[in-house]
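J.: Chains as they are written, first to last, in the working numbering: chain A, 8 to 390; chain B, 1368 to 1495.
Just to be clear, a hint being listed does not mean it is correct.
[Unchecked claim] Beta-carbon label-pair distances, calculated as ranges: (1) 1438/B - 64/A: 52 to 62 Å; (2) 360/A - 1477/B: 49 to 59 Å; (3) 1476/B - 90/A: 39 to 49 Å; (4) 256/A - 1426/B: 52 to 62 Å.
[As the list claims (entries may be wrong)] Straight-line Cα separation of at most 35 Å, DSBU-like style, residue types lysine-lysine; simulated pairs: (5) 151/A - 253/A; (6) 1386/B - 324/A; (7) 366/A - 1435/B; (8) 1371/B - 169/A; (9) 206/A - 1386/B; (10) 190/A - 1386/B; (11) 253/A - 1370/B; (12) 324/A - 1370/B; (13) 1426/B - 169/A; (14) 185/A - 1370/B; (15) 1370/B - 1435/B; (16) 290/A - 1386/B; (17) 351/A - 1403/B; (18) 206/A - 56/A; (19) 1386/B - 185/A; (20) 151/A - 1403/B.
FYI, nobody ran anything at the bench for these hints, they're computed from the structure. Where is the CB? At the ideal position from N, CA and C, for every residue including glycine.
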Amino acid sequence: MEKLKVLVVDDEPGIRSGIHRILRNFSVGYPFMEEDFQFELIEAETGEKAIEIIESMPVDIILLDNKLPGINGIDVLEYISKKQYDVQVMMITSYASLDLAVKATNIGAYNFIPKPFTPDELKVAMEGITKHLFLKRMTRQLHKEGKEVRFQFLSVLSHELKSPINAIEGYLQIMKEKQVGDKIDDYEVMISRSIERLKGMRTLIMDLLDLTRLESGKKQREIKKIDLSEITKMAIHSIEPMAIQKNVRIYYDNGEPCYLNGDSAEVEIILNNLLSNAVKYNKEGGQVYVHVKGTDDRVIIKVEDTGIGMTEEDQEKLFQEFVRIKNVKTKNITGSGLGLSIVKRLADLYAGDVQVTSKPDVGTSFAVTLMKNAETTDTILLQ
Amino acid sequence: MTKKVLIVDDDPDSLSLLKFHVEGFGFETITADSQKEGEEIIRQMKPDLAIFDLMMENKDSGFILSYKFKKIYPDVPVIIATAVTAETGMIFGLDTEEEKNWIKADLYLEKGIRPDQLHREINKLLQL
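Assemble the whole structure, with the sequences as input and the hints as a guide.
T.: Here you go:
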């Protein structure tokens, strides 16, 4: 159980010990909090002493009387908000004039409790301020983490977008100055590399759009009863040209129709990503096995390949954005590094998950589980 | 004797472009396409100048490489080349003493590097 430090600032010893008694065995818990909060009390009889304590240790909540022998409670409050301490203040005062109330809340007090108060009144007030403190800290934390993730994402993204531009520009510059020769054939490699980089950039942009739509939640989801088996056949069909180029054969255990409530575009993205990985990271002449299976409440899509596989260490990094497994074997394979993080997010949308098993030089198998009824609003429910 | 330039870059096109131009300037090149391979090479041979890409297996591969490189060859100049954009804040210049202390590179170039600019900078670093 977490302990919050509560500083009680009041010149009347009776009030201080009263608060002590009331809060001694009291704890606050909410369903959204991981653990209950208890209170550890520190006392100060003057405002000066209170500031001294705040300066010397972190305090979470302050119960602050306004009428004090030296400086007033409101002065202490002013000091705290000027220094921007991460603390919530509740004023305790016997004559809570409207003026003072307005002033105190303007400076940053959370609320007021009039004196004298009953134990229950204090407990209710403590519940309120604890919840407020918790939510405020959590929000700040999430905000900070979100900003950092965003920032990193953008800096890596700009790198990924600039690299192909630099490469193509470099090749064009050489061609412009005819540095290698006068015939177009002299530049064949540079031209095909440029086209390759452009393709990679297109993939990256398409993946980014998928990801943005997912993240913003703005994309209108069209949830209806869909046949996974049908979508799988379509996805295999569209990956076939790439597979033929690499001499990879795709086997699908053309089973029964397999229904779930979902958005067909989303499920297509999952399949496209899994299949293109299975082909891309396969060996020349390799195989891809696709299984689609439904149980009572879920569907499982399994895509196995006989490709280059990866180490356990690589598997751990797999779902991070822009992480591409870089080694000699993957050197000439292009990709945005976003595909699997998109698959992961989509699986989350369906309250499902993504499992991977892999062995270097043997192959990789991805299993995506989707719940059949993860999204139930505006849907035709499966019987 | 022809000066040797080590180039480490994991982007195949960037690597071949750098190689093309540096050889065009009249230098000999040795190339590697990963931080790991780069580390192996510097253990075996001493080039006259090194060009490292920044983001390879690690986001700061170039820094790590140049740190290790300067430990063995403190007098050989190092250029870090990167497509990371300054605006994102991930860039570390060589402006302050503190940065110079741990980055250990002599020059920081943002890609696309113009060949003539690269030529000038290499000549300056090699005092040619």
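J.: Against each hint, give a clear statement of whether it holds in the structure.
T.: Hint check:
1. 1438/B - 64/A: 52 to 62 Å: 44 Å, violated
2. 360/A - 1477/B: 49 to 59 Å: 41 Å, violated
3. 1476/B - 90/A: 39 to 49 Å: 45 Å, holds
4. 256/A - 1426/B: 52 to 62 Å: 38 Å, violated
5. 151/A - 253/A: 45 Å, violated
6. 1386/B - 324/A: Status holds; Cα separation ~31 Å.
7. 366/A - 1435/B: Holds - the C-alpha atoms of residue 1435/B and residue 366/A are around 33 Å apart, at most 35 Å.
8. 1371/B - 169/A: 28 Å, holds
9. 206/A - 1386/B: 24 Å, holds
10. 190/A - 1386/B: It holds: about 22 Å lies between the C-alpha atoms, which stays within 35 Å.
11. 253/A - 1370/B: Between residue 253/A and residue 1370/B the Cα gap is close to 42 Å, so the pair fails against 35 Å, i.e. violated.
12. 324/A - 1370/B: 40 Å, violated
13. 1426/B - 169/A: 15 Å, holds
14. 185/A - 1370/B: 26 Å, holds
15. 1370/B - 1435/B: 21 Å, holds
16. 290/A - 1386/B: 30 Å, holds
17. 351/A - 1403/B: Roughly 30 Å between the alpha carbons, so the hint for residue 351/A and residue 1403/B holds.
18. 206/A - 56/A: Outside the cut-off at roughly 68 Å; violated.
19. 1386/B - 185/A: The hint holds at about 17 Å.
20. 151/A - 1403/B: Holds, because 34 Å separates the two Cα atoms, which is no more than 35 Å.
The earlier numbered hints that this structure contradicts are 1, 2, 4, 5, 11, 12, 18.
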